[in-house]
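> Sequences and hints are given; from them, build the entire structure.
Just so you know, the sequences run in chain order A and B. Counting in the UniProt record's numbering, the first sequence runs without a single skipped number right up to 176 at its last residue. Counting in the UniProt record's numbering, the second sequence runs without a single skipped number right up to 176 at its last residue.
Just so you know, these hints were derived from the structure itself, not from any lab. You can trust all of the hints, since none of them are fake.
The list treats identical chains as one, so a pair stands whether inside a single copy or across any two.
With a Cα cut of at most 30 Å, we get these calculated BS3-like pairs of lysine-lysine:
(1) K71 - K59
(2) K151 - K114
(3) K105 - K172
(4) K59 - K155
(5) K114 - K35
(6) K151 - K105
(7) K169 - K77
(8) K117 - K171
(9) K105 - K169
(10) K114 - K172
(11) K151 - K3
(12) K102 - K155
(13) K169 - K3
(14) K176 - K59
(15) K169 - K59
(16) K172 - K102
(17) K42 - K71
(18) K171 - K59
(19) K171 - K114
(20) K102 - K151
(21) K156 - K114
(22) K55 - K175
None of these values were measured; they are calculated from a predicted model.
There are 2 protein chains.
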Amino acid sequence: MVKEIIVLRYGHRPVRDYRVTSHCCLVARAFGADKVEVIGEKDESIENTVNTMNKQWGKGAGVEFFDSWRKRITHYKKKGFTSVHLTMYGLPVQETEQAIRKFNKLLVIIGSQKVEKEVYEMADYNVSVTLQPHSEIAAMAVFLDRLQEGKELAKKFGGAKISIEPVAKGKKVNKK
Amino acid sequence: MVKEIIVLRYGHRPVRDYRVTSHCCLVARAFGADKVEVIGEKDESIENTVNTMNKQWGKGAGVEFFDSWRKRITHYKKKGFTSVHLTMYGLPVQETEQAIRKFNKLLVIIGSQKVEKEVYEMADYNVSVTLQPHSEIAAMAVFLDRLQEGKELAKKFGGAKISIEPVAKGKKVNKK
Chain A
1 MVKEIIVLRY GHRPVRDYRV TSHCCLVARA FGADKVEVIG EKDESIENTV NTMNKQWGKG
61 AGVEFFDSWR KRITHYKKKG FTSVHLTMYG LPVQETEQAI RKFNKLLVII GSQKVEKEVY
121 EMADYNVSVT LQPHSEIAAM AVFLDRLQEG KELAKKFGGA KISIEPVAKG KKVNKK
Chain B
1 MVKEIIVLRY GHRPVRDYRV TSHCCLVARA FGADKVEVIG EKDESIENTV NTMNKQWGKG
61 AGVEFFDSWR KRITHYKKKG FTSVHLTMYG LPVQETEQAI RKFNKLLVII GSQKVEKEVY
121 EMADYNVSVT LQPHSEIAAM AVFLDRLQEG KELAKKFGGA KISIEPVAKG KKVNKK
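What follows is the structure, given as structure tokens:
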């Protein structure tokens, strides 16, 4: 059963990629990942967004920037992580999820710009979510939901100052 | 059983929202929606992206721009659609999906900027995908995957010039 999930976002350009990378970080956090690592130029606006979220909405995955994807993948391989690269060229998620669910520690790699060939080679699994081009944000969300069989949807975030009470109409927000 | 899915994207600003709105359109298409309607200023760059995708990768959902979300929601209500607004304030997807799956025609509303109160009132269902702030792209993908119980993952797109043959490593692309 999966106990630890690290998301590695391959590529980030400050300003230009701010919104897409912040969607990636917030989705990883909301869907129960333990940490996000972004390969690219350090971007304080992303760090601030994620830190603010963790302060307000409860403690979830933080974000850290690194220069080399090769070093980070190698680092996690040495620590016993199984690496899953999400790509539309890979094997369908519905055929691979059951096998992947058995590992304890997962490194989930998601691209942005063109991903180098070596990533496909280094990854233990290359997994597709549909065989169509769409969005790394969507692919990661669906993969994490299937991997955890929906258990992540009800995850509680410790130390939250704001929390939501689900309602059929309107908004109900509890503040501490 | 759901037979027709229209995605209504509430809000779009040209240039600034290009990437996020195009992710929304491509995810809706890849996950089997029949059409995307965007409320906002007509944006040819989005139309071109979606049209090119449909020509190259096979016929899926197209996109059309409209001025008034109120008129479009009313239009679909009159045509017998059940409307589902995805919002983190709504009832959890895991508790509502079974009921929603029974309808034939669905209008799935996804926000971007702040959504007006009236949308919450007009929607037949307000549905949350986790109770955390994250991404409308991710919320839509997970909702559409759960709604269709994964059947959309293997959808074939007619008339494709390019298609992918899933492989464990690397890329295998078939071109006509």
